[in-house]
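In the order they appear, the protein sequences are chains G and F. What the first sequence shows, in my numbering, is residues 1 to 296, in sequence order. What the second sequence shows, in my numbering, is residues 1001 to 1371, in sequence order.
Warning: the hint list may mix true and false statements.
Stated by the list, open to error - Heads up, simulated DSBU-like pairs for lysine-lysine below, C-alpha to C-alpha not over 35 Å straight-line:
(1) F:1067 to G:24
(2) F:1067 to F:1276
(3) G:34 to F:1170
(4) G:24 to G:34
(5) F:1161 to G:34
(6) F:1161 to G:24
FYI, nobody ran anything at the bench for these hints, they're computed from the structure.
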Amino acid sequence: MTSPVPIRPLSTRQQLAALWVFVKRDFSLLTRFKTSYVTDLMGTVQQLVIYAMIARFGTSLPEIEGIPGGYVDFVLTGLALNILLTSALTGPYLGLMESFWSNRIEILLASPVRLPGFITGLSAGKYLDALIQVAIVLVGGWLFFGFEWPSGGNLLLFLVVLVPALVAVIGLGLAGAGMVYLLDARGGQDPVQFAVLTISSLVAGVYFPIQVLPRSVQWLCYLVPQTYALDGMRRALFGAESLAAPSVIAQMPFSPLVVDVCVLVVYAAVALPLGWLLFRHGMELARTDGRLSRWL
Amino acid sequence: MVVKRESAADVAQKEVVGATAPQYAVEAYGVRKRFISREGLPIGWGFGDAHWIISSLIKYRKERQWKEALAGVDLTVRRGEMLGLLGPNGAGKTTLLRCLATLLRIDTGVAYVNGYDVVRQPDEVKLSMNIVGSGQWSAFDWGLTVRQNLHFFGTLYGLSKAERNERIDKTLAWLGLHERANDRPPTLSAGERQRMLLAKAFMIRTPVCFLDEPTVGLDPDGAYQVREFITRELVGSGTSGILTTHRMSDAEDLCARVAIMDRGRIVAAGTPRELKQSVGERSVLEVRAEPVPREVVEAVRRLSGVWAAVTAPAGEDGLEESLRVHCEDLDATPARVRDTLAASGVVVHSMNAEEPSLEDVFIAVTNRRID
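Turn these sequences into a full structure, and let the hints steer you where they fit.
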């Protein structure tokens, strides 16, 4: 057996540097066409204005009385958190598709970056973009539409909800990226992303409280982690114990915030390994049948 | 015909020898790879937009046809050696490189790069090698400059900022690209783009380098510059690897040893001189004539003393063809070939005896031309 010429595995620092260079590259490419980028951001401004105006014309719901700023705080936090969670959900799929269609996937996979680093790197730039959009929503809402920065909230509690929520949603995102090769979902959207986004945008409590929905569709909200994430993060931010909880959560013998955190932790513990397995299996399948960079 | 092939048995023999066995940069033993070439639903179409759902549901019940891309490849590359892999389009050269680069999973057989198993130790393999493909320049980010792209890849391979800066400057200067360092890839010429890919390969300096058709699509000047760089900076610095090409001149100029591949197999291997000597008992006749109909080529093949006869277009206007004839001797055969062509109304422009080339080795093994 031939003895190898010594090679130096990448240290943790070098792997983090590789991740950072992905973020820098993505952001540099994203902002290269300034007009397009500004136009994209205008879409976020448009959403901000629409919902802030709806709030201004009066949306007084008993379900959100616990939030000091009323509907404007409810909807703008919903918008901001939804942008963050959606980018975590769609990041892996979009990153993989971008590298597939730009013919970059093989040159990246042949580099020493491992598969977790590869997919994280491809998604990371999208998170930075999402953070900019979140800032637009919150700062714009504060400056022009009376959004009140949460004062009675607990930042630590907020992070306790945010971290498992992001992990759970990233798990679903990885499963979606796995569908690229498992189900040939190379056209623009994958079925996991489609199902989760459809449910979360309608019934997870982004734009209106879940309780205003007909009971016959409310059950859908319990399927997606966004429901627990939005509910839990609003409770943590606004200290709103009087905020009405979705009916099943309200019936639990614990505080709604505890229920939200527990469900998110379980969701994350299942979704991340399952999503990773599906993603890895999809990539292996593509390596086996030669579809990594080709449309067969 | 002596075909030098390195079989698994030969290699096993070398391993028995132990300490005297050469150290290999690349080893492949019995590597097979097949692809699904056509998928067909066993039922008729006509489902409109729903067809993909049906296709997904019954995916694993579909009848599949398989195409064997690699049919048991045995190949070794010694340390410090750049092996030329010569073969026509579709021979399996790129598939082999993709298998060695861990981008394709091999079906059966084993392969090692720098002593690491390509299936079991992909991370070590990726740290050991670098692949430069002919169309890979499109994989560089068009929105970033040449320098930024090289910084990106340097970081992926763990180079520090100081190392990257030093190597990028040096490599771009060697390649004559320093003035284009701050330009974006789409503004470069085809030759400059190819040199940009080589800059990545040389900047990273892995023990093994795979070059897939590095001069394809380049004009003679561009091809010359790329060949110069490979000779001076890669081959000259002792980098091991495989260079695939269907240009005989590239293989002869750049590689000490050449393997000829056809239909997923290595059909001959050795130094260019050894390979040419292997067809030494054959004489080669190069005939330039008007396009030769297939039945006339068949008639030439059937002539006594003729071992092989193959045609290829010669010149760009399509009015002339090259008929390469392998024959026993150059005494009687030329007259017979001329008579056969004349009897079929084919006008012969010239007829010359030639030294066997690497293409003649390919013709001798496969009865076909390489292009």
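Checked hints:
no.	hint	in the structure
1	F:1067 to G:24	violated (42 Å)
2	F:1067 to F:1276	holds (31 Å)
3	G:34 to F:1170	holds (33 Å)
4	G:24 to G:34	holds (16 Å)
5	F:1161 to G:34	holds (28 Å)
6	F:1161 to G:24	holds (15 Å)
Checked against the numbered hints given earlier, this structure breaks only hint 1.
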